[in-house]
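2 protein chains.
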Amino acid sequence: MKYPGGIIQKDAPKNVSYDNRGMDLENDINQSNEYYRDKNIAFIYKKPTPIQITKVDYNKRGAVIKEAYFKEPSTTDYNGLYRGKYIDFEAKETLSKTSFPLSNIHKHQILHLKNMYLNGGIAFLIVRFVKLNKTFILLGQDLISFIESNSRKSIPLDYFLEKAYLIEEKYIPRLDYLKVIDELYGGELNGK
Amino acid sequence: MKYPGGIIQKDAPKNVSYDNRGMDLENDINQSNEYYRDKNIAFIYKKPTPIQITKVDYNKRGAVIKEAYFKEPSTTDYNGLYRGKYIDFEAKETLSKTSFPLSNIHKHQILHLKNMYLNGGIAFLIVRFVKLNKTFILLGQDLISFIESNSRKSIPLDYFLEKAYLIEEKYIPRLDYLKVIDELYGGELNGK
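Chains A and B are the protein sequences, given in the same order.
In terms of the working numbering, the first sequence has 153 at position 153, counting the first letter as 1, and numbering is strictly consecutive.
To convert a position in the second sequence, counted from 1, into the working numbering, add 1000.
Treat the hints loosely; a few may be bogus.
[As the list claims (entries may be wrong)] Restraint ranges, calculated between C-beta atoms of paired labels, are given here: (1) B/Phe-1070 x A/Ser-145: 40 to 48 Å; (2) A/Ser-74 x B/His-1108: 20 to 28 Å; (3) A/Lys-71 x B/Lys-1060: 14 to 22 Å; (4) A/Pro-50 x B/Leu-1161: 33 to 41 Å; (5) B/Pro-1101 x A/Lys-153: 47 to 55 Å.
[As the list claims (entries may be wrong)] DSSO-like mimics (lysine-lysine), calculated; alpha carbons at most 27 Å apart, straight line: (6) B/Lys-1039 x B/Lys-1107; (7) A/Lys-60 x B/Lys-1071; (8) A/Lys-47 x B/Lys-1114; (9) B/Lys-1107 x A/Lys-60; (10) A/Lys-134 x A/Lys-163; (11) A/Lys-46 x B/Lys-1055; (12) A/Lys-47 x B/Lys-1163; (13) B/Lys-1039 x B/Lys-1163; (14) A/Lys-47 x A/Lys-170; (15) B/Lys-1046 x B/Lys-1092; (16) A/Lys-114 x B/Lys-1046; (17) B/Lys-1107 x A/Lys-46; (18) B/Lys-1114 x A/Lys-55; (19) A/Lys-47 x B/Lys-1066; (20) A/Lys-46 x B/Lys-1114; (21) B/Lys-1060 x A/Lys-66; (22) A/Lys-71 x B/Lys-1039.
[To be verified] Covered stretches of chain A (in silico footprint by chain B; criterion: 3 or more residues with CB under 8 Å from a CB of chain B, positions within the stretch not fixed): (23) 46–60; (24) 84–96.
No lab work stands behind these hints: they were computed from the structure.
This one's a predicted model, so the numbers in the text were calculated from it and none came from an experiment.
Just so it is clear, CB atoms sit at the ideal spot from N, CA and C, and this is done for glycine as well.
Based on the sequences and whatever the hints tell you, model everything.
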């Protein structure tokens, strides 16, 4: 694992060029993934929400689910393929200005991220500190390293500033997170 | 792409060691994926069924979905990570003894499989000819090659016998499809 020092950015982008109303992290990621797919850059999808269906009716238009329950996800929300590499991540927002509460991620999602990088995938968290207007990539390795060496229930912002990578926010793609992946893993990725 | 001739098996496994009742292809794959995960071999999951939720009620036990509709999947059902490689496939059964109807797969799933192998993933179909008791891996490349050079609406069994790879069925894992992937892609996979 290489950590090119130049990528660690400690300054927030002060001016974001779009209006923030209704543009949450999930929308930004979905729009970016759509852009990556349209441009044939990467094929990364959000998994459907897992549900347990308990009742289905059939009418003229087809099947209608009449009762179902949300299930706890067993993996992360996003995965896909980028230049020959398996990509896997979870995305979370926090309103805290000082730390990211680990209660935001399920234990089996953390284990999943660990399995992913141990098996040759690129695994990370995307964490947005909403009130700071900063969105970071924290690599799975650094997430696990924090958890395994700390009893804290949240990851302080300082840890992000030290270990994570700031994602550039712009008009399109809104959240160019693969740029960070390029800089970190460029040598391992298939040529374009 | 290598096609080791030795892998093309033209004989069906005549005796299957388990009782077939209620064991359909999806169950076999899910059980195999569970085995692979338990043994830390591969991390391949079935994606949740995509649905459009239109009505949710909240009661003491939490949220209950009261109305939802099945959506057409935009990708394949299964993907994951195996020894550093991105794996992506769709699984289908057919009752036909002579051909696999292409109407079984959505157009955008076919395009998706093409995007996957073009971008360095391992993409394939698992097709079970139920009445023949044979389950094949047909690589995405060979699927697309057939579609692009044929106007036929189904792939004849002969094409499977010539181009596809028979998956060994056994007690555990029920459908050892990664064995075929090992034989085909061994040199590209991360060491165990």
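Verification of the hints:
1. B/Phe-1070 x A/Ser-145: 40 to 48 Å: holds, 41 Å
2. A/Ser-74 x B/His-1108: 20 to 28 Å: holds, 25 Å
3. A/Lys-71 x B/Lys-1060: 14 to 22 Å: holds, 18 Å
4. A/Pro-50 x B/Leu-1161: 33 to 41 Å: At 38 Å between Cβs, range holds.
5. B/Pro-1101 x A/Lys-153: 47 to 55 Å: Holds, at about 54 Å.
6. B/Lys-1039 x B/Lys-1107: violated, 35 Å
7. A/Lys-60 x B/Lys-1071: Judged against 27 Å, a Cα distance of about 16 Å means the pair holds.
8. A/Lys-47 x B/Lys-1114: Holds, at roughly 20 Å.
9. B/Lys-1107 x A/Lys-60: With Cα atoms ~25 Å apart, B/Lys-1107 and A/Lys-60 stay inside 27 Å; holds.
10. A/Lys-134 x A/Lys-163: holds, 14 Å
11. A/Lys-46 x B/Lys-1055: Holds: A/Lys-46 and B/Lys-1055 sit about 21 Å apart, inside 27 Å.
12. A/Lys-47 x B/Lys-1163: Not OK: A/Lys-47 and B/Lys-1163 at ~32 Å, beyond 27 Å, violated.
13. B/Lys-1039 x B/Lys-1163: This hinted pair is violated, its Cα atoms lying about 30 Å apart.
14. A/Lys-47 x A/Lys-170: holds, 25 Å
15. B/Lys-1046 x B/Lys-1092: holds, 13 Å
16. A/Lys-114 x B/Lys-1046: holds, 19 Å
17. B/Lys-1107 x A/Lys-46: The given pair, whose Cα atoms are some 20 Å apart, holds under the 27 Å limit.
18. B/Lys-1114 x A/Lys-55: violated, 36 Å
19. A/Lys-47 x B/Lys-1066: holds, 21 Å
20. A/Lys-46 x B/Lys-1114: holds, 19 Å
21. B/Lys-1060 x A/Lys-66: holds, 18 Å
22. A/Lys-71 x B/Lys-1039: Roughly 25 Å separates the two Cα atoms, so the pair holds.
23. 46–60: Holds, because 6 residues of the segment 46–60 of chain A bring their Cβ atoms closer than 8 Å to Cβ atoms of chain B.
24. 84–96: holds (count 4)
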